[in-house]
Amino acid sequence: MSEDVRALVRFYLPNFPVRRVRRLVTDTTDFSSIDYGDVVHLGGQHYMVLRDEAERRFGIEDFKFWVKRCKVLETGESAILKLVFHEEFLQQLGDITIRSYRSPAKEARILEMVKDDRRFMHGFSIVDDQGNLVRVLDVIRGKRFDLAVSEMGENHRDYFDNHFAGALGLFIDACEAIAWLHSRDERHGDIRRDHLWLEPRTGMLRWIDFDYAYDLSANPFALDLAGLGNILAFLVGRQVFRPPDLEEMGILDKAEPGDFNLVFRNRFANLRKAFPYVPEDLNRVLMHFSAGTEVFYETVDEFLADLRPCLDSLPKGG
Amino acid sequence: MDFKKILLAVDASENAMRAVEYTGSIAGSTKGFQVELFCVERLPHRDTFPDEAAWAESCERTREELKTFMAQAHTRLETLGMARESITDQYLISCTSPFPNETFSCSRGTSVAQDIMEAVRQGGFGTVVVGRRGVSKAEEFLFGSVSNKIIHSAKDVTVWVVS
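Note that the protein sequences, when read in sequence, are chains A and B.
Numbering of the first sequence is given in the working numbering, commencing with residue 1 and proceeding in unit increments.
Numbering of the second sequence is given in the working numbering, commencing with residue 1001 and proceeding in unit increments.
Fair warning: there could be bad hints in the mix.
To be verified - No more than 16 Å apart at the CA atoms, straight line, and that leaves these computed lysine to aspartate or glutamate pairs for EDC-like: (1) B:K1137 <-> A:E298; (2) B:K1067 <-> B:E1014; (3) B:K1137 <-> A:D95; (4) B:K1137 <-> A:E294.
It is worth saying that the hints were derived from the structure and are not from the lab.
These numbers were taken from a predicted model, which means no experiment stands behind them.
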């Protein structure tokens, strides 16, 4: 068997060190044992495993042992295999704990739903020999949107006058993608800054990683909305502002408890206090996610109905 | 609207039982009240289970729990003085359950408050009663508050919120 795999790799990937070729994998149940040099055989294609994917969180690399960066031997293209990992865990959002689940079936369902929609990552799902639902994902050639934004402009004023309107326009398109998902009774489930990517080739934003599931039946879209609110605050500020940042800017004494984020109490929401040129209508949208709000957005459509008109009052320089 | 025609919305929580107690203490001692116990079935989401069998088992448990609660609430209202014929039950099943659906209507699970207000409208109830769990503002944003939504959307109906 391993001689066959070596021959296959020699044929398709002549530069790959043959001594590092390990085994042919058709059962992905034990995902953590699948490593560099293994070849996963799925649906007639062979995927050479190169490494585990990682996310950078809180300054450290967080390896995802069930997500493998691969090279498809038959096509030479890169692909990501997301293997089945039924994880159940408690997610901490500020003071609130939410029971969360990783659902391969949910992600597979959404992948099928968005297969012609470039506002989302693309891929397909396939079962291995043991019935594990593996997701085969295209690699997005691009950059995290938040990192792209943080490099825009010489300073905040320059960013706001010359780049922000463009960034907000892109973000509004991305929010419409989420509204579309909600209209089909689906949720992204894990809306974070690092799950929104800018693809230079198309100039579009694309959502990635939608395998989180929750049991939030009374307010089914609230977590997605909270995530969109966080991203909007980042876009307006070009960074997250916490009390030490406000202190450095000399405005901490002006901040009131109601000016901070409703869920994450150390994130400043009332950005007009920091940057008086942030228009009032835009700041009002931000304040819907603040501890001081009396009215919450319940749908992305409500959020967008307030956010879209804000584009008109923004400087269009750059 | 007849305020003595009450829709008493319950789940299987302690707050709901407090609402039952309160309603029973008023309606049980005065003649002319009619109470409909109304439960919107909220089942665990399929995506939160690794397979169909585990999901079905959990849904079965939840349904059993809700129906047991309804029966207990029924008995409690009688104990508090209500006549058996003045109490009715309505159990609105979930549209997305693993069980066969043999009824005409079901809950899509997007808004319990809307389901309750729709039942109020259709049944011509003059009073709606709900329990309240008491949540922080952040919890209300993330998890929703059925009682708040009912207070905001109720029209031509009396709302009792029992906390």
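Outcome of the hint check:
1. B:K1137 <-> A:E298: Holds. K1137 of chain B to E298 of chain A sits at ~14 Å (cutoff 16 Å).
2. B:K1067 <-> B:E1014: holds, 15 Å
3. B:K1137 <-> A:D95: holds, 11 Å
4. B:K1137 <-> A:E294: holds, 9 Å
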